[in-house]
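> Sequence:
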Amino acid sequence: MRDALAEAILELGTKDRRIVVLGADTSVSIKTSLFGERFPERFFNVGIAESNMIGIASGLALAGKIPVVSTYSAFVPGKCLDQIRNAVAYPNLNVKIVSSHGGLTVGPDGASHQTIEDVAVMRAIPHMHVVIPADAPSARELILKAASTPGPFYMRLSRPNVATVHESTADLEIGKAALLRDGSDVTIVACGIMLSEAMIAAENLSQEGISAEIIDCHTVKPLDNATLGKSAAKTGAVITAEEHNIIGGLGGAVAEALSESRPVRIERVGVRDTFGESGEHSELLVKYGLTSREIAKAARRLVRGQSA
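Start counting at 1 in the sequence shown, then tack on 46, and there's your number in the working numbering.
Calculated from the structure, these hints are not laboratory results.
Take the hints with a grain of salt, since some may be wrong.
DSBU-like cross-link-like pairs, simulated, lysine-lysine; straight-line CA separation at most 35 Å [what the hints assert, rightly or not]:
no., residue 1, residue 2
1, Lys-191, Lys-61
2, Lys-276, Lys-191
3, Lys-267, Lys-111
4, Lys-111, Lys-61
5, Lys-267, Lys-333
6, Lys-333, Lys-276
7, Lys-125, Lys-222
8, Lys-267, Lys-77
9, Lys-222, Lys-77
10, Lys-77, Lys-333
11, Lys-333, Lys-222
12, Lys-280, Lys-343
13, Lys-77, Lys-61
14, Lys-111, Lys-77
15, Lys-280, Lys-267
16, Lys-276, Lys-125
Remember, it's a predicted structure, so these values are computed and weren't measured experimentally.
Just need the whole structure built from these sequences, with the hints factored in.
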């Protein structure tokens, strides 16, 4: 996903001189330094001063630029929520925050760097778009789309390499969930790295005669209520899957929306309101239940009318 970020901002920078990129001493790791090498006059490394970086980005947006702010999600929004709220979202500025290293898969960096609450926090801020790509192709496409969509954005990328789910990204739109697989028995709504796990779960379930519909809900805000409601009406059961706390993230957003328009049974696969810990990312996903196996188990329970 970091390669996709680098490719997207280089393409944007070539086409539009309003694009500027800001980093906070993590630009080599995130690969936004490649933009700095190509366009040094439009690249600003502010050092370990994330709150200042948000303020600078706001000023650049007021001056007519389109700032892309990027560092680890533990630092943005982790260390500068007040600045994001008051300097970016409140005046509804055109600042694009693209944070990397979200979720548990930061791995050995441990709980202090594993952000499992960032989506909930950013989703609650008025005016803020919240986007979580599932793979590198969708990350690139959604970054390009975000740059041409007015208003503040929070886009969350993952650290490890992930399987490619989207062979074509031409139809991806901000605010529009993508139906990847038709099904009739249960709907699986996933975002980020959990989408590939959902696809594996659906294939395994099909061997048991359970038909799972798969929706990539890459835009958590604004949520595509129409697509979710239509699928829930068809299957009568919904699972959400996310690399995030089940409180306030994708699971919370989907539960809120469907409770108002199409109440159905819902199970949420995600972190169960606990901090992470240091470990290899693949081991952490298993320990915290973020796997295709857990998604499939939830689907079986829903289809059979069992409790979690």
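> State for each hint whether it applies.
Each hint tested on the structure:
Taking the CA atoms of Lys-191 and Lys-61, the gap is near 14 Å; set against the 35 Å cutoff, the hint holds. For a cut-off of 35 Å, the pair hint linking Lys-276 to Lys-191 stands: about 25 Å separates their Cα positions. Straight-line distance between C-alpha atoms of Lys-267 and Lys-111 comes to about 24 Å, which keeps the hinted pair within the 35 Å bound. Note on Lys-111 and Lys-61: the hinted pairing holds, with a Cα-Cα distance of about 13 Å set against a maximum of 35 Å.
For a cut-off of 35 Å, the pair hint linking Lys-267 to Lys-333 stands: about 28 Å separates their Cα positions. Taken as a hint, the Lys-333 and Lys-276 pair is honoured in the structure, with Cα atoms around 33 Å apart against an allowance of 35 Å. Among the hinted pairs, Lys-125 with Lys-222 is consistent with the structure: their alpha-carbon atoms are about 30 Å apart, no more than 35 Å. Taken as a hint, the Lys-267 and Lys-77 pair is honoured in the structure, with Cα atoms around 26 Å apart against an allowance of 35 Å.
Taken as a hint, the Lys-222 and Lys-77 pair is honoured in the structure, with Cα atoms around 28 Å apart against an allowance of 35 Å. Distance hint between Lys-77 and Lys-333 is fulfilled; the C-alpha atoms sit about 30 Å from each other, no more than 35 Å. Simply put, Lys-333 and Lys-222 have alpha-carbon atoms about 32 Å apart, close enough for the 35 Å limit, and the pair holds. The straight-line distance between the Cα atoms of Lys-280 and Lys-343 is roughly 20 Å, inside the 35 Å bound, and the hint therefore holds.
Pair hint Lys-77 plus Lys-61 holds up; C-alpha atoms about 19 Å apart against a cutoff of 35 Å. The suggested pairing of Lys-111 with Lys-77 holds, with an alpha-carbon distance near 21 Å, which does not exceed 35 Å. At most 35 Å may separate the alpha-carbon atoms for a hinted pair to count; Lys-280 and Lys-267 meet this at roughly 23 Å. Distance check on the hinted pair: Lys-276 and Lys-125 sit about 39 Å apart at the alpha-carbon level, beyond 35 Å; violated.
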